[in-house]
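*Asks:* With the hints as your guide, set chain B onto chain A.
Protein sequences appear in the order of chains A and B. Residues in the first sequence are numbered from 1 upward in steps of one, following this note's numbering. Residues in the second sequence are numbered from 1 upward in steps of one, following this note's numbering.
Take the hints with a grain of salt, since some may be wrong.
Unchecked claim - Listed below are the simulated EDC-like cross-link pairs for lysine to aspartate or glutamate, each with C-alpha atoms no more than 16 Å apart in a straight line:
id	chain 1	residue 1	chain 2	residue 2
1	A	Lys48	B	Glu138
2	A	Lys48	B	Glu146
3	A	Lys55	B	Glu149
4	A	Lys55	B	Glu152
5	A	Lys6	A	Asp30
6	A	Lys6	A	Asp47
Treat the hints as calculated values from the structure; they're not laboratory data.
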Amino acid sequence: MSVFIKINLFGAFRDFNAGSTIAVGLKTGDDAQTVKANLGKALGGSDKVMALLSKSRLATDETVLLDHDIITESRELAILPPVAGG
Amino acid sequence: MQENPESFVPESAVIDIGISEDALSLQQAYDVVTAPAHGAVTTFVGVVRNLNQGRKVLGVSYDAFAPLCLTTFRDICEKAQLKWGPLKIYCWHYKGRLDVGGISVILAVSSPHRDESYQANRYLIEEIKHRAPIWKMEHYVDGDSEWTEGCELCQDDHSHKKL
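With the rest of the complex left out, here is chain A (with noise of 0.2 Å):
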């Protein structure tokens, strides 16, 4: 079964969509890697969106997600590019 997950655009993916958070397709069994795929081809699929997708990782609001971490349930996630604090 497909559900929509919710997530939230940050730093340089806020230019490739109007809004700060995108829908994205998930079937039983995904995992992180997969739900990647699927944001890239959801924000257009240019070579700068799937370049600036290999350098990013998905995350919950506790922790980094491993590419292999299977995303079981409907839930918010964040997309983060490369960081630049301080």
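*Replies:* Relative to chain A, chain B alone:
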């Protein structure tokens, strides 16, 4: 009457962290970490500069994923306390737009002696730059704006899990 040195209780550890859309205050940072038993206070203040990679900068807009940012700040501060003892730590970052000269981050660390304070403060800023989910867009004199390149986040060393 002579005081018994044994009656002096060591300072307890403090961690004061946050993301603020209001101007950061160095005085507030100092007030949080200063303590009678701590003979050293070090501060690091990050400030927007007017030039980056040859381009004249007017200001910077900071974006932050606040919930994970706070979790990360706390983890970094706790690791510093494990390494250097019961430090008092103030660690706040700004979110929003700043002009040149604006304060983006304040780190203050106090400890009984200077060495722990210096080392911990340096550790904090390096970890924040590499791990905290914060981004900055520079605004240039020529009217252009760009997100700056940053550090790619490492994946957490946690076991495979369902989320």
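*Asks:* Against each hint, give a clear statement of whether it holds in the structure.
*Replies:* Checked hints:
no.: 1; hint: A:Lys48 <-> B:Glu138; in the structure: 19 Å, violated
no.: 2; hint: A:Lys48 <-> B:Glu146; in the structure: 14 Å, holds
no.: 3; hint: A:Lys55 <-> B:Glu149; in the structure: 11 Å, holds
no.: 4; hint: A:Lys55 <-> B:Glu152; in the structure: 6 Å, holds
no.: 5; hint: A:Lys6 <-> A:Asp30; in the structure: 15 Å, holds
no.: 6; hint: A:Lys6 <-> A:Asp47; in the structure: 23 Å, violated
Checked against the numbered hints given earlier, this structure breaks hints 1, 6; the rest are met.
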